[in-house]
Amino acid sequence: MAVPGLRHHREDARGRGLNDTGIQNIQGNHACAVAAVAAGCRFFAGYPITPSSEIAERISVELPKAGGTFVQMEDEIASMAAVIGASAGGIKAMTATSGPGFSLKQENLGYAAGAEIPCVIVDVMRGGPSTGMPTRPAQGDFMQSRWGTHGDHACIVLAPWSVKEIYEQTVRAFNLSETLRVPVIVLYDEVIGHLVETLDPGSVDTGEITTRKWAGGDPAQYRPYACGEDDIPPMARPGDGYRSHTTGLTHAENGFPSQDPTTVDRVARRVLGKLARHNDLVEQVDCYDLDGAQVLIATCGITARAAKSALRLLQDKGIAAGLFRPVTLWPFPEESYREAARGKQQILVPEMNAGQLIYEIQRLTPPGVPVAGFNRLDGEPITPRQIAERVEELLNHD
Amino acid sequence: MTDVPSAEFNIRDYLRTELFPHFMCPGCGHGIALRALLWALHELGISKDNLAVVSGIGCSGRVGAYIDANTFHTTHGRPLAFATGLKLARPDLKVVVLTGDGDCLAIGGNHLIHACRRNLNITCLLLNNEVYGMTGGQVSPTTTEARYTTTTPSGNHEPAFDACKLAEAAGAGFVGREMTLQTPALKNLVKEGMSHNGFAFIEVLSDCTEIYGRKNDLGESPEMILAQKAEFRSKDYGMERDEVFQPRSLATGVLSRNDHEEYTAAYRKHVLSKASS
Amino acid sequence: MAVASAKPAPRAVARPQNVLIVGVGGQGVIMVSKVLASLCQLQGYDVKQSQVHGMAKRGGTVFSHVRYGERVYSPTIPEGEADVLVALEWAEGMRWLPYLEQKNGTVFVDTQQIVPPFACRNRHRGAVGGYVRETVADIMAHVPNSFALDALGIATALGVPKASNSVLLGAMSTALEFPPDDWKEIIERFVPPKTVQANLKCFDSGRDWALSFDRDGLLEKHAESAPLTVETPREKPDDLSHIDIEANWCKGCDICVRFCPERCLVMNDQQIAEVAYPERCTGCRICEWLCPDFAITVKTPGAVA
Ligand code: SF4
Ligand code: SF4
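Protein chains in written order, with my numbering: chain A, 1 to 398; chain B, 1001 to 1277; chain C, 2001 to 2305.
Just chain A, with the same shape it has in the complex (with noise of 0.2 Å):
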C-alpha cells in the first residue's frame, strides 16, 4: 500500500526508456494502453480530459507501431461514434474518458449496445459533477457506468484495483465485448490510473485473445440478428459480401426496422438475456478471509485495497473481516455476493461515493443483517484506518 507516495509520479508520455517486453514500473493508464494493443486493439479515438488523458498519449505512440489509427476527435460523442463506426468496420476499438465525457459518450454508447456492437470504454474516475475536482479521485461513477445510457441495455462493467489488474481487465474486456458483442466499461479510479507499480507483462495471465465470430456461408441466407444457442449473432464485416444493414431502431433478425411486439420483444429478451447466459464468462470476484469472517467488507477499486490492508488491522485487534470485491462490477455477482454474506452479521461498504454500491448490497443482503456505508466525498483515497476504525464502531454499537 505505497499509494499516497507514488500518485503524482509520471512517466514519460511517450513512454521511452521503458522496455515494452521486459519488467517495468508503469502507470496504471499507460498500461491499460499497452494492454488495449495486446488484446488486438487497432483504433482509438479519444478527447482530453483528466485523469485520462495518459491513455491516449500512450496509445497514439503504441498503435502506430502495431499499423493501427490513433484519432483525437473533436468530442467525446465523436470518438464514441468513431469508435463504434471503426468497431463496425471489423477493427478492434476503444476509447477512454472520465466522468462528464463518460456523460457525452452515453448516447451512442447506447447504439452500441442496441446494435451489439462491440467496443471497449475506459472511464477513470474523478471528483464531480461536473468538472468537480479533475485532478482528485472518486468513485462516482458506479452507477452511471451501468445506468448511464437510455433504455434498458446490455453493457458489462470491470473494476481493477491495481496497474496489473488493469492490464489484465483491459485485455479481458476486449475478449468480452468481442464474444459477447457487448460495450465494456473499464473503470477504475484517478488513483490507480496514475499510480505506478512494477509490471511485467509476460507474466500476466490474460489467457486466450478473442476476436468475434465472423459471419460465414451463404450471403443470401444471411440475417444479421439470428444466432443460435449461444445468443450471439455472428457479424458480418463490410466487404466480405454480406451487404447488411446496422441500426439503432428495434429491429428484426433480418436487421431492418421492426415495432411488430413480439419480434420486439424476442430480440430485446436476447440482448438483455445474453450476458447472464454467459455469466461464466462474465462474472469474476475477488474475496478474502470469508471463512469465520463476522464482518464483510463489500467494495472494489482502490478502496478495496485499502480495505485489504484494513483485514490485517482488525485481525490484530480479534476481529475477524472478510473482504467481497466484484471484480466484473456489472452485471453484479450477485449470487457470489449472497454465498459471501452468507452468516456475517454486519457488512460495510467504504466507497469514494456519498453512497451507490451500498444499494445494490443492501438489495442482496439478507433481511436483518446490518449494512453499513463509509463515505468520503473530499477527493482523498479512503485508508485501512478508517475502515477498520469505522468496523469497530459499528460492533461497538451493538
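FYI, nobody ran anything at the bench for these hints, they're computed from the structure. Some hints here could point you the wrong way.
In silico DSSO-like cross-links for lysine-lysine, where the CA-CA straight-line distance does not exceed 27 Å [as the list claims (entries may be wrong)]: (1) C:LYS2103 x C:LYS2048; (2) B:LYS1165 x B:LYS1191; (3) C:LYS2162 x B:LYS1215; (4) C:LYS2034 x C:LYS2162; (5) C:LYS2299 x B:LYS1191; (6) A:LYS308 x A:LYS164; (7) C:LYS2162 x C:LYS2194; (8) C:LYS2201 x C:LYS2184; (9) A:LYS65 x B:LYS1274; (10) A:LYS164 x A:LYS65; (11) B:LYS1215 x C:LYS2034; (12) B:LYS1215 x C:LYS2194; (13) C:LYS2162 x C:LYS2201; (14) C:LYS2184 x C:LYS2034; (15) C:LYS2034 x C:LYS2201; (16) B:LYS1269 x A:LYS65; (17) C:LYS2194 x C:LYS2184; (18) C:LYS2048 x C:LYS2184.
Please build the complex by placing chains B and C with the ligands on the supplied structure of chain A, with the hints as guidance.
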C-alpha cells in the same frame, strides 16, 4: 437484387427491392437524390460489397436502408463521426454519408466542420429540405426566413445558413450543390465528388412536400420541384458567389475544390512511416 | 355554460367505460377524443385520455384511448375491453378490432380508405394490395353491433365535407348514455365559430343515420356489390409502351404526369400513374429520373428487359 449490376444502369440492381415501396412520403425529393447517388455509383463502377453508407436520424437517415450495400443507420447528428471511424479502420471501403439539414448542420454541426478539416476521403450528401420532417416539421438551420414550421408559428425569424460556404471554409476538398430537379447534373456532381481524393461535401436541394410544402402552401410535388428551377440561379449563369447569402438564390455545380492532402495519406506519411515497430 | 351547471351526479358504472378512437394522421382522432373526454368530464366522471401519434408523417397511425367512470386508474384499454371502437379510417378499424369487447362492444367505422405507404409493403406485381381486405359485409357478419358509415359522404351531401367527424360523433353518441344536447354543447366549443351550425347539422345526421341503421338492408346491398378492397391495378400487356410503371411502388405524387414533355402519362382513378399515350413517348427519361419512388423504368429500345 442481383449481385452483378448490368452494364446499363438499372436502379433495382442497387436497391433492396423487398423493402419497397419505400417509406418516404409521396413526392419526397430524397428519392430522387437517392437515384442520383446510385446512378453515380453505377457509372463509377463501385462494388456494392465495398460500399458503406452511413446515415443519421431523420428522413434522410432512413434513405440509406434501401441501398443494397453495407448500410449503417446511426445516431442523430453523428454519421460523419461514425463514418470517420469506419473509413480510418477500413480505408479500402468507399464511404458515403447521407445526412439532412438538421442532422448535419444543427446537432451534427461540429462533426461537419471537423470532417471537412480532416479531409478524409468520404462523400457526404446533405439532403437539404429545410425542415425536420420526421419529427413533424420543426424549423431547421436552413429553413427559409419567414416560412412557417410547427415551431415557428409566426414565420421563421432566424437566418438560414449556407452549408457549402461553411464546408469550404472548414477545408473540405470538394464542395458542390445541385437540385433534385437536375437529376443527371446531380449524378455528375456526385460522381465528381466521389472521384475527388478527399472530403466531398455535396448539398442536395430536396423537397419536403407533405410537411413543409403543405404548411407553406408551396403547392404539390411538381410545383415544389419546379420552384427549384425558378428560384435557383446556376453558377454558370454568372452569379457572383460573394453575394450575401440569400436562401433560394444559391449557386449550383462545383463550388470549390482544394488539393489538401487526404487524411489517410497524411496519416501514412506522417505517422505510420515514422513509427518504430 | 349550461352543461356545467346541469352537472348530474355520475351514474354508477360497474367498471370504467372504454372508448377507443383510431385513424390515421391528420384525420382528427385527437379532436374527436377531446370532445368525448370533455363531455365525460363535465358529466362528473373521472376521465383518462391517452393518445399516441404515430410517426408524424402522412399515413401514420394515430389512436386515442378514452376511459371514464367513477374512478379510473389505468389510462389504457386492454385488448378485448373497448366498449366502443370508433375508426375514422377503414383499415385502422380492422386493425384495432381485437380491442373491442367481443360480445357487447360496438364499432363505428368510416368506410373512408386512406392507403398509407406502409400498407403497400410487400406488394408485388399483380398481387392483392397489402391494404386490409375485409368488406363491410365481413365486419357486419362478425361484430353484432357494427356500424359502417360513409361519414364523408354524408357530410359532403350536406355541403360540409370538412365536418365529417361530427357525423361520426353523432353516430357514436347513440352508443353512449349522454343526451344529444350535451354533446352539441361540447362540439360548439371545439369547432371554429363559423362552422358551428354545419357541424351540428352533421352531428344530427350522423345520429339519425345510426338510429335508423338498416343492418340487413346494407348487408344485402353489400353482398352483391364489389368488395371495398383497394384493387391492385392489373398488369397491362402494353407492348407498345417503352414505359414500365410499377404500380405498387407509385404513390401518386403526379410528378411524372406533370413533367412528361409529351404528356404520355395520366393519373388513374386509383391515384396511380398510367401510360395513356405510349406512342407519343420519345424515351427522354424525365419521368424515370424524377419519380421519387423508382416506379418508372423507361426501356431503351433494343435493350434486354
Ligand atoms: S420517357 Fe419522356 S416522353 Fe416518355 S413518358 Fe417519360 S417523360 Fe414522357
Ligand atoms: S412520379 Fe412516380 S410516384 Fe409519382 S406519380 Fe409518377 S410513377 Fe407515381
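Assess, step by step, whether the Cα of LYS1269 (chain B) is no farther than 27 Å from the Cα of LYS65 (chain A), and give holds or violated. holds, 14 Å
Is the straight-line distance between the alpha-carbon of LYS1165 (chain B) and that of LYS1191 (chain B) 27 Å or less? Judged against 27 Å, a Cα distance of about 21 Å means the pair holds.
Holds or violated: LYS2299 (chain C) with LYS1191 (chain B), Cα cutoff 27 Å? Distance of about 24 Å is within 27 Å: holds.
Does LYS2184 (chain C) lie within 27 Å of LYS2194 (chain C) when you go C-alpha to C-alpha? holds, 15 Å
Can the restraint linking LYS2184 (chain C) and LYS2034 (chain C) be considered satisfied, given a maximum Cα separation of 27 Å? holds, 13 Å
Please work out if LYS308 (chain A) and LYS164 (chain A) have their alpha carbons no farther apart than 27 Å. holds, 17 Å
Are the Cα positions of LYS65 (chain A) and LYS1274 (chain B) separated by 27 Å at most? holds, 9 Å
Distance restraint between LYS2162 (chain C) and LYS1215 (chain B), which requires alpha-carbon spacing of 27 Å or less: holds, 18 Å
Has the given pair, LYS164 (chain A) with LYS65 (chain A), been kept, meaning a C-alpha gap of at most 27 Å? holds, 23 Å
Mind checking the alpha carbons of LYS2048 (chain C) and LYS2184 (chain C) for me, to see if they're no more than 27 Å apart? holds, 21 Å
Is LYS2034 (chain C) within 27 Å of LYS2162 (chain C), Cα to Cα? Cα-Cα ~17 Å, so holds.
Are LYS2162 (chain C) and LYS2194 (chain C) close enough, with their CA atoms no more than 27 Å apart? holds, 12 Å
Comparing the model with each earlier hint shows no violations; every hint is respected.
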